[in-house]
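Chemist: Each chain, written out:
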Amino acid sequence: MFKQIVTVLALVLAGNFAVADLTIEINKGKDDPVPIAIVPFGWQPGVAVAEDIASIVEMDLHRSGQFAPLSRGDMLGRPRNASEVYYRDWKSLGVDYVVVGTLTQPMPGTLMANYELLDVNTQRVVLTGSESVSSDKPRYLAHTVSDKIYEKLTNIRGAFRTQLLYVSAVREGGNRTRFRLLKSDIDGANESVLFDSREPIMAPTWSPDGKKIAYVSFESSRPAIYMQDLVTGVRKQLTAFRGLNSSPAFSPDGTKMAMVLSKDGSPDVYVMDLASGSLEQVTNHFAIDTEPAWLPDGKSLIFTSDRGGKPQIYKVQLNTGAVERITFIGDYNARARVLADGLGLVLVHRSNGNFHIAVQDLKRNRVEILTSTNLDESPSVAPNASMLLYATQYDGKGVLAAVSIDGGVKYRLPSRFGDVREPAWSPFLQ
Amino acid sequence: MQFTKPLFLLLPAACLSAQLWAQAPVVDMNSPRQAAESGRSMQGEIYQQLQQLRQEMMALRGIVEEQEHQISQLKQQGLDRYIDLDRRLGSLTTGAAGAVVGSSGATTDTTIDAESGEMLSGSESPTVSAPSPVIASPSVSGPAPAVASAGNDSSDYTDAYALVRSGSYDQAITAFLAYVERYPSGRYTPNAWYWLGELYVAVKPQNLKGATEAFQYLLSKYPDHDKVPAAMYKLGTVYFLNGNKQKSQELLTHVIDRYGSTGNSAVNKSREFLRKNF
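The listed protein sequences derive, respectively, from chains A and B.
Last residue of the first sequence: 430 in this note's numbering, with the numbers rising by one and none dropped.
Last residue of the second sequence: 278 in this note's numbering, with the numbers rising by one and none dropped.
Hints are computed from structural coordinates only; laboratory data are not their basis.
Being a predicted model, the structure only gives us computed values, none of them experimental.
No residue lacks a Cβ here, since even glycine has one placed at the ideal position from N, Cα and C.
Hints may contain errors.
With a Cα cut of at most 25 Å, we get these calculated PhoX-like pairs of lysine-lysine [as the list claims (entries may be wrong)]:
| no. | chain 1 | residue 1 | chain 2 | residue 2 |
| --- | --- | --- | --- | --- |
| 1 | A | Lys211 | A | Lys148 |
| 2 | A | Lys315 | A | Lys299 |
| 3 | A | Lys256 | A | Lys236 |
| 4 | A | Lys315 | B | Lys75 |
| 5 | A | Lys91 | B | Lys221 |
| 6 | B | Lys276 | B | Lys245 |
| 7 | A | Lys299 | A | Lys363 |
| 8 | B | Lys75 | A | Lys363 |
| 9 | A | Lys363 | A | Lys310 |
To give an idea of the interface, some chain B residues facing chain A are shown, with a C-beta separation under 8 Å as derived from the structure [claimed, not checked]:
| no. | residue |
| --- | --- |
| 10 | Arg54 |
| 11 | Met58 |
| 12 | Ala59 |
| 13 | Arg61 |
| 14 | Gly62 |
| 15 | Glu65 |
| 16 | Glu66 |
| 17 | His69 |
| 18 | Ala162 |
| 19 | Arg165 |
| 20 | Ser166 |
Make the full structure from the sequences, and use the hints.
Modeler: Written out as structure tokens, the structure reads:
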């Protein structure tokens, strides 16, 4: 449990928006992470890179909790390709795998990494790769290498090139607060402001292709759902009904948006066709129905309702309208998100009066509590279902934290300014 | 957005005043004003009753849902039991009774002899007090517990660890004891000992003796394991809880001296503990 505390100031490339750069702190490690050495990459004469590629790869793998990178100080050599590797040296350091690589500039404006992953025990090259990006995206190049290595060694698709949406609130004197909708790489780097406002911003969410986002904004002093194109920056107001307009959720095919409206009295779940703007009411109950999330097949939704007296998760079939309760453990289950395989939920679960993030196995109907602090909320799952992000409190501030789906690894991403909340992990973006 | 119930909290409050109105005796129905008021109070009363009915219905709905769920679980359990029984009967009649053995036969001897008495190089080591068979005994007496195990090192450990995560500490202790018994040199045996140490402190009532022995065993048997710094730190805190402040201080100081350069989190924790308590 008490493995290592590593604090790394995530570099913010988009310096103009250094609003809330995140600090990563790993506070809980896995029992048996794979020892791996990421040797600093060599480079062709004349190639200057602003980022330490190997160090980014190292942090990526470390944050996954499944790897224990060897510290550079302990390395006995700096090989740049497989032929320069003395396996015996690495074996004596207890390392299972070694990554070596070289950076080149095949043409102006392009940065290329040629790298090899070596198995120290069998003394063989298990992966040879070559990736290139435009030279202003060295971090992306590093994350690509991380993805390939992670995938090779775990058989799970890497999610290091994904991004993160979150909302920050910064007090600005008096009663004024500035709200910002931010986007960053998954390690907190490359943070940029997508929208800012003096009124609250809530519930940001990604479209399945990662090209659009939707969120609730109070900019017109009433809640309304907006959709924003990440490429063009164009915003479109989807709803402005009387009462609640909340919890937007894109359907898996991206053509529809589930949402919660209270225009007819109590909050109910609706689905809007994004092309035509037509609305279809999905639930109709005098209790509160809210926080819809799609199942992967797009044929049913889950939502939170207190129709049974206490908030619990229900599932509704879109074609029949049939509603079925699916959580039975605990007196409070809410804000559920579906794992990519559809077999599990992550949700906010209350036990012994404390709110935690938990995973519910839908087949075996088992609940596992993943987080230990008191007020954990808004879980959002990585597209490869290896980790999830959530909002919590630390040192009296709203911070984001991540935990692996088996509870074995945890790290915090505290912001340096203001409160950060409502994280949304993007889908795979490439 | 966070799930709240503001709507329903507001509505009954609004009706409360209406209810008070209703209690005022209404006599003169000829007065149009009073008639209007009585109509309004009637409306209020009906509204309030409607709210009560709604809440009652929601509570009942909750109970029905839960009972429905329990019934379907019971049905499934009944079926599972029947299938299990049928399988056992079947194997009995075919004479292959031996196929359904429990795990009791495979008990390995877990008497712990702290063979390498020297635990901490250099400084005066906290004595590893001879063999400590007590560790295995608190909840497991005699033969191994009849835990139906899949017989897989990794999955047994994961199952035991899952019990820690779900907060079932007593069961976790039983599971880890079973684990170290079944896999005396398993891949996760040191980790299991570590967790036993932690769990003995976490359970109520605490079993500090058990915790001490589990940590000491881990330290003596696996001096190079990853968990050693953490175990030393924990053992230091257990000594402290036991009132053995000198040993506690010695051990925590040793953690800082020995692992200070590695950046292991046990170092900072030891420092903090010393600062707070000494």
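Chemist: Does each hint fit the structure? Answer for all of them.
Modeler: Comparing the hints with the structure gives:
1. Distance check on the hinted pair: A/Lys211 and A/Lys148 sit about 23 Å apart at the alpha-carbon level, within 25 Å; holds.
2. A C-alpha spacing of about 11 Å is found between A/Lys315 and A/Lys299, which places the hinted pair at or below 25 Å, so the restraint holds.
3. Under the criterion of a C-alpha separation no larger than 25 Å, the hint pairing A/Lys256 with A/Lys236 is consistent with the structure, at around 15 Å.
4. A distance of roughly 22 Å separates the Cα atoms of A/Lys315 and B/Lys75; the hinted pair therefore holds under the 25 Å criterion.
5. The suggested pairing of A/Lys91 with B/Lys221 holds, with an alpha-carbon distance near 23 Å, which does not exceed 25 Å.
6. For the hint linking B/Lys276 to B/Lys245, the alpha-carbon distance of about 13 Å falls within 25 Å, and the restraint holds.
7. Of the pairs offered as hints, the one joining A/Lys299 and A/Lys363 holds, with about 19 Å between alpha carbons and a cut-off of 25 Å not exceeded.
8. For the given pair, B/Lys75 sits about 16 Å from A/Lys363 by alpha-carbon distance, which is consistent with the 25 Å threshold.
9. Annotation: proposed proximity of A/Lys363 to A/Lys310 holds, straight-line Cα distance about 23 Å (limit 25 Å).
10. Taking 8 Å as the C-beta cut-off, the interface hint given for B/Arg54 holds, the closest approach to chain A being about 6 Å.
11. A hinted interface residue such as B/Met58 counts as satisfied when its beta carbon comes closer than 8 Å to some beta carbon of chain A; here the least separation is about 5 Å, so the hint holds.
12. At its closest, the beta carbon of B/Ala59 sits 4 Å from a beta carbon of chain A; the interface hint therefore holds under the 8 Å criterion.
13. A least Cβ separation of about 5 Å between B/Arg61 and chain A falls short of the 8 Å threshold, and the interface hint therefore holds.
14. Taking 8 Å as the C-beta cut-off, the interface hint given for B/Gly62 holds, the closest approach to chain A being about 3 Å.
15. For B/Glu65, the interface hint holds, the least distance from its beta-carbon to any beta-carbon of chain A being 5 Å, beneath 8 Å.
16. For B/Glu66, the interface hint holds, the least distance from its beta-carbon to any beta-carbon of chain A being 6 Å, beneath 8 Å.
17. For B/His69, the interface hint holds, the least distance from its beta-carbon to any beta-carbon of chain A being 5 Å, beneath 8 Å.
18. With a cut of 8 Å, the hint placing B/Ala162 at the interface with chain A holds, because the nearest CB-to-CB distance is about 7 Å.
19. The beta carbon of B/Arg165 comes within 5 Å of a beta carbon in chain A, closer than 8 Å, and the hint placing it at the interface holds.
20. Hint status for B/Ser166 relative to chain A: holds, with the closest Cβ pair at about 6 Å, below 8 Å.
Of the hints listed earlier, there is not a single one the structure fails to meet.
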